[in-house]
Amino acid sequence: MIVYILCFILFLVGLYGLITRRNLIKIVISLSIMEFSVFLFLVIIGYIDSGIAPIVDLKETNQIYVDPLPQAMVLTAIVIGLATTAMLLAIAIRLYRKYKTFDIREINNLRG
Amino acid sequence: MELTLSILIGFMIIGAIFAIHAKDLLSAVISVGIVGYSLVIVFLLLKAPDLAIVQIVIETITLIIMVAVVLDSTREELKIKNDFKSFTNITLSIIFAAVLLFFFVQATADLNSFGQHSLRMADAYVTGAAEKTGSINLVTGILFDFRAYDTLGEVTILFAAALGVLTILRIKGKK
Amino acid sequence: MKGMSIIVKKVTQLLSGIIFLYGIYIITHGHLTPGGGFAGGAIIAGAYILLILAFGSDTIKLKNIEKGSSLTESLAIFIVLLLAVLAFFLGSKIFFANYLPKGQLGEIISAGVIPLYNIFIGIEVAAAIITIFLALIIFKEEITK
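Chains as they are written, first to last, in my numbering: chain E, 162 to 273; chain Y, 4 to 178; chain R, 1164 to 1308.
In isolation and in its complexed conformation, chain E is listed as follows (with noise of 0.2 Å):
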């Protein structure tokens, strides 16, 4: 049950610096961070204690595996996140050459 809480810990300091942060950069790395706690939680959820990695033994037939299909999904999801990241990054730094900084505020101001 801890662990759970600590999971949902790691989300809420993305969301923190989601919304106090005025950097660009820092707002990438704070969804960024939201991502991983969320993997973290769907796996922990698939979780046996007395499991084995999803990966068939042909000689023991009895045998007790993990639950693979949040493993599937959140395989799927990790190379998402890396397209969305890297997308969100090339238009902060389009946005840099055209204002010639980061912050959001600015960038608003500039808006016309």
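Quick caveat, the hints were computed from the structure, so don't treat them as lab data. Keep in mind that a hint or two might mislead.
[Unchecked claim] Using 20 Å as the maximum straight-line C-alpha spacing, the simulated EDC-like pairs for lysine to aspartate or glutamate come out as follows: (1) K1165/R <-> E1270/R; (2) K220/E <-> E1229/R; (3) K26/Y <-> D75/Y; (4) K135/Y <-> D218/E; (5) K175/Y <-> E1229/R; (6) K1165/R <-> E5/Y; (7) K1165/R <-> D1221/R.
[Claimed, not checked] Derived DEER-like restraints, expressed as beta-carbon distance ranges: (8) D1221/R <-> L219/E: 50 to 56 Å; (9) K259/E <-> L1245/R: 25 to 31 Å; (10) K1224/R <-> R78/Y: 28 to 34 Å.
These numbers come from a predicted model, not from an experiment. From the three backbone atoms N, C-alpha and C, an ideal C-beta is built for every residue, glycine too.
Given the coordinates of chain E, work out where chains Y and R should sit on it, guided by the hints.
Same frame as chain E, now just chains Y and R:
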């Protein structure tokens, strides 16, 4: 097991807090590496070797891209003013976080405790799955046979992201 | 972007081939051992990124690599879709059905179409990551010119 995991997640929380509060953007980016690489160890402890391999490679590539972006632009963090409004903001956000935590505990009360997960839902993916798909790695079997639509969508997202990065960063148009 | 010193270049020459081979091993054994298309593709992309960082644009034409990687990416995702559609005409009429013979469990040539999907998705992931990385480098040089 639960104690080891708690200590590792505690390290991740400390790394995350430092990453958010760092004065230098380069050190902030590197402290995210603490969180990512600790996640690799946690995945290995949780019997998920596929995830550990993917995470360690992807984390390295993300770090390279982030460092490239930070070195291209600026390393300095913005100045944050500490006025009297920040006190009320901090109090409000602590209350907000406590309320969220309360609802989280309420929501996870019905879950099985750590390590006691029941395979009732995933039974069809485990028993006899190796004979059905022909692959003894169950995760690969799920990715490319039972849940192949998810993989197709994921690959499409990766393709679209590469196209999007090319489009956003290109300055001169193609002739 | 300039290349690095001669020590880095020499070590990179020796190491990148081994990293590339390891990526191919991870992809082709995806249905037997941990790993698969996603992990192996990312490792291959890592080998390429190491080469690009060490040698820079003084010996390699980065524009040409970017053209090649975009083309490879599009072709690989097209072939994955083609393999999936092929299931309509062979065997059962289900999208993504496994229409090749399954073979003996635990052998390297087994599991029907799953190794083929692994190989092409590995190529797609590798090409996409290389394209994203090159886009960050090439278009920076356009500004400074």
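Results for each hint:
1. K1165/R <-> E1270/R: Not OK: K1165/R and E1270/R at ~46 Å, beyond 20 Å, violated.
2. K220/E <-> E1229/R: Judged against 20 Å, a Cα distance of about 47 Å means the pair is violated.
3. K26/Y <-> D75/Y: With Cα atoms ~18 Å apart, K26/Y and D75/Y stay inside 20 Å; holds.
4. K135/Y <-> D218/E: 15 Å, holds
5. K175/Y <-> E1229/R: 16 Å, holds
6. K1165/R <-> E5/Y: 49 Å, violated
7. K1165/R <-> D1221/R: Answer holds: K1165/R to D1221/R is near 7 Å, not above 20 Å.
8. D1221/R <-> L219/E: 50 to 56 Å: 52 Å, holds
9. K259/E <-> L1245/R: 25 to 31 Å: Violated, at about 41 Å.
10. K1224/R <-> R78/Y: 28 to 34 Å: Since K1224/R and R78/Y have Cβ atoms about 31 Å apart, the given range 28 to 34 Å holds.
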